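**Q** When you get a sec, could you build the whole thing from the sequences and use the hints?
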Amino acid sequence: MLIKFTGGKVYDPANGIDGQVRDIFVRDGRIVTPGAGEAASQEFNLAGKVVMAGGIDPHSHIGGGKVTIARMMMPEDHQGHEVARGDLTRSGCGHAIPSTLTAGYRYAEMGYTAAFEPAMLPANARQAHMEMADTPMIDKGAFVMLGSDDYFLRLLTKGAHKDDIKDYIAWTMHAAQAVAVKVVNPGGISAFKFNQRMLDLDEKHPFYGVTPRDIILTLGRSLQELGVPHPIHIHGCNLGVPGNKDTTLATIRASEGTPIHLTHIQFHSYGTEGDMQFSSGAAEIAELLNKSPNVSIDIGQILFGQTCTASGDSMRQYGNTKSAHPKKWVVMDIECDAGCGVVPMKYRDKSFVNALQWAIGLEMFLLVNDPWRIFLTTDHPNGAPFTTYPHLIRLLMDKTFRNEMLRRIHPGAQAATILGTITREYSLYEIAVMTRAGPAKSLGLKDRGHLGAGACADITVYDDNPDREAMFTTPAFVFKNGEMIVRNGKIVKVVTGDTHVVRPEYDRKRVEKPLKEYFDSYHTVQMENFRLSDEEITEPGCGHAPGTCGCLVIHPTGART
Amino acid sequence: MTASQAGAPSAPASASKTYSHVTCLFCGLHCDDLEITRTGQSLQVSNNGCHRGKSGFERPLVHAVPRVAGKTATLDEAIAAAAAHIAKARLPGYGGLATDVDGVRAIMSIADKSRGVVDHALSEAQSRNIKVLQTSGWFMTTLTEARNRADLFIIASDVQAFHSRFFEKIVCAEKTMFADTPPKRTVVFLGEGFDASAAVGPRIGDVVRINCKLERIGELISALRTLHRGTSLPGEDVAGVPLAQLEDLLDRCRKANYGVVTWVPPGLNFPHADLTVHQICEFVKDLNVTQRFAGLSLGGNFGVPTAASVCTWQSGYPLRVSFASGAPHYDPLRYAMPALIASKQIDCLLWLSSFIADMGPPDTDIPTIVLGTNDMQFKKEPDVFIPVGTPGIDHRGQIVRCDNVVSLPLADLQRGAGLARTVDVLAAIEAAL
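For the record, the sequence lines run as chains E and L. Under our numbering, the first residue of the first sequence is numbered 1, with each subsequent residue one higher. Under our numbering, the first residue of the second sequence is numbered 1, with each subsequent residue one higher.
Be aware that one or more of the hints could be misleading.
Residues from chain E that keep clear of chain L, each with C-beta distances beyond 12 Å, as calculated [unchecked claim]:
1) R85
2) T100
3) T135
4) L249
5) N294
6) F304
7) G341
8) V342
9) R407
10) P411
11) R424
12) G452
13) E535
Pairs of lysine-lysine, DSBU-like flavour, derived with a Cα cap of 30 Å [stated by the list, open to error]:
14) K9(E) <-> K490(E)
15) K175(L) <-> K509(E)
16) K285(L) <-> K322(E)
17) K184(L) <-> K213(L)
18) K9(E) <-> K513(E)
19) K131(L) <-> K346(E)
20) K158(E) <-> K513(E)
21) K131(L) <-> K328(E)
22) K255(L) <-> K328(E)
23) K131(L) <-> K204(E)
24) K516(E) <-> K169(L)
25) K169(L) <-> K285(L)
26) K158(E) <-> K175(L)
27) K169(L) <-> K54(L)
28) K509(E) <-> K17(L)
29) K213(L) <-> K175(L)
Quick caveat, the hints were computed from the structure, so don't treat them as lab data. Predicted, not measured: the structure shown is a model, and the values here were computed from it. Ideal placement from N, C-alpha and C gives every residue a C-beta, glycine not left out.
**A** Okay, here's the thing in structure tokens:
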């Protein structure tokens, strides 16, 4: 069946289309170029409306142990935000850490069709996938955490051959069913288990003697050589520590041209100037970023209100427990593999530090020139819940609104930020880059995030409302695989969404021999059970073609070098 | 929504087969190194099991068919009867919940649709931990981390009685990845009447016994916290334990590189035991200001961490959730299943118990539907009985371990018992509502 979307203003940056009126044709869930004279059996008149690919959130903590710890710890987050069962939808709850079902519905209702869990511990991968499977409507995928796991640190310390390291990284991606690799406080999570409280870029791990720089470079180069599309996703050292801008600048320089992605960079852009010894490092970092084409970032914008932070960075989250609001928190050491820290946080516009954090994030958005290398995130739920994206988009697109908000924050923070002097306003094209085309390109999702022939027909249609917050809150239509799933911001059909993985080539036999020995000697789980099989994460016998119903979508890698 | 563990129906039992890396269901440690041999329809744990695992896996396969009001029925008839009971209930209760991840998913789905209440048979014990999590939080570790890293174990429950391989696998583990010559560990038993017999072997150094009543462990830990802050205590003992012994324990804690305090929530079975868990967790927090220490909660038998986890990620709350209003409502006192049954606030009970025959439904005259093991015996015949397969024996599945981090795959050991899967039965009942 051929479906025609007629007359919409199309923003499709991957194909260079900037608001031109175009017709789009869809057949069997894909965007197609119809044959001459072929008639559409269904037509949507989108005259005057804005058409984009479905939104893609490249960094959102939606599934896995730490999110469920946060949900369990914070009933007060849910109370007052319960969602009743609907004709089509299940009940749930949700504010900062919504239930899986509610999260899926909310994303779709906001025009997003994919979200990626950025911190899946290998030891917790099975549960992360269970939770993602219970997140309907959208496509999912996860970045597996490496770099503080003892096996990797042992390889590095003993100077293992780089092929052995690459094989282990690839094995882990297969075992955890991952789409990319993330490093969190490189080596620091492990160092914390040895009672180290801080680990800077060139500081040696107290037991293994390697530095975060070694870890980042090894992972970064290995991923590049494995042909994994997304570069090493780095949550750097010293998250939240005043003065950490220097570590961030040093990390960018340390990459020496190797592709890297610096995540939630807002939390890593702090100086120590001023009476409060807390200042913005955004301008300095943005300047270096603009000259470093190998580096991409996402922001981790904070927005004011109650949230709950959940991170793999046990070392820094332990440090942040001092600011816990309410006063309760969980920190864990996990399986000689990783760690986690869950700390509730209330960001207040009348707090100097919180207000300046808000301004720093926005400064970074507005000072980095290339929207293809900057992705719109709040590091959900760490900076704010993902449901604040429409508000954030308005802050970026509407200078008058932004300055109005600026005038409400702590006066000291107003004085300490250059935000009021920045006149840049994001265009719809740039928003489409930052929320669709850019993340898809970076993650290697060739058939997502754009509207060219062959793309998956994940399409969001908005009313061209000058109030961009209202516009992005309530899309007119959302289509997933060519099917309408949302109309006027309400769900009209429930779908499952796919799971995206990347599977670099590796020598399984070679890597599993020493790994088996390691598991048998030290672990409490058998290597065979540590691996997550395809059967565990797909719907068996669904009868659908791959990529149409909660199935696995395996994205190609480049050649291994 | 996926029922991701559907798996193929059980293959007919062939002569004999050995299964490796089998996950054991029968306590919250979920050891996954079992070797099980199936001969026809009989299973035998041929390597690495404990007595609990052995009796669980090796229970004979008795023939059972669905029953409605005590009379043999087809599966379809039983499903229809169950649906009729639930449909006419004002507030159905879903209890037991000894099942795998998919089983809990199916319970959540039908409870949501039928506006019922969900609770696990063992959630009273688990709630001792959850109260602490929700008021002050904690600093925890997991089994592999403790196995390799701990040089001091404080055992604050009768761990051996609940988890008979904990000492073998964690405390007495031959190797550690952090030293070529593994250092000896100190083991402190803090409580009364604990089985310390397993704390032996080359890894075990000092074994210290501090005798006090279970109910007074919290008081002792509180005294330790006071001493740790540098405040002296009046008198010569706390809970009958001489202060000198407490000072010695504190000294051992302070000298530890990585200390672990472990407890078993069902083992702390006395009123307000959450306050004991709270003291333990706060002591661990106090020590972490300058050194490394962690809590390790065990327990978690019969899928209670699985039920709490799935319920939390789907509803936001860890069990004792009511969907009566259409939206999830959490009240750990009001929605405790034993109280709802005793007060007859629920008017239909669906009891799910697919691990062992002994975990039958509570004695009640509320209309009761049981999805149970094939060998389940009843004092009072339930209104509907549907025998279901055991995940990890009769079909594949997934289960969450006691540390709430690791989850494990459950295998189909292909007994060919022809038992229905819980998820299929519940889906059919839900569809008939």
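**Q** If a hint holds in the structure, say so; if it doesn't, say that too.
**A** Hint check results:
no.	hint	result
1	R85	violated (5 Å)
2	T100	violated (5 Å)
3	T135	violated (9 Å)
4	L249	holds (31 Å)
5	N294	holds (35 Å)
6	F304	holds (23 Å)
7	G341	violated (10 Å)
8	V342	violated (8 Å)
9	R407	holds (36 Å)
10	P411	holds (34 Å)
11	R424	holds (39 Å)
12	G452	holds (30 Å)
13	E535	violated (7 Å)
14	K9(E) <-> K490(E)	holds (22 Å)
15	K175(L) <-> K509(E)	holds (25 Å)
16	K285(L) <-> K322(E)	holds (12 Å)
17	K184(L) <-> K213(L)	holds (28 Å)
18	K9(E) <-> K513(E)	violated (56 Å)
19	K131(L) <-> K346(E)	holds (22 Å)
20	K158(E) <-> K513(E)	holds (17 Å)
21	K131(L) <-> K328(E)	holds (12 Å)
22	K255(L) <-> K328(E)	holds (27 Å)
23	K131(L) <-> K204(E)	violated (40 Å)
24	K516(E) <-> K169(L)	holds (17 Å)
25	K169(L) <-> K285(L)	holds (26 Å)
26	K158(E) <-> K175(L)	holds (19 Å)
27	K169(L) <-> K54(L)	holds (17 Å)
28	K509(E) <-> K17(L)	holds (25 Å)
29	K213(L) <-> K175(L)	violated (34 Å)
In this structure, the earlier hints numbered 1, 2, 3, 7, 8, 13, 18, 23 and 29 are contradicted, and the remaining ones agree with it.
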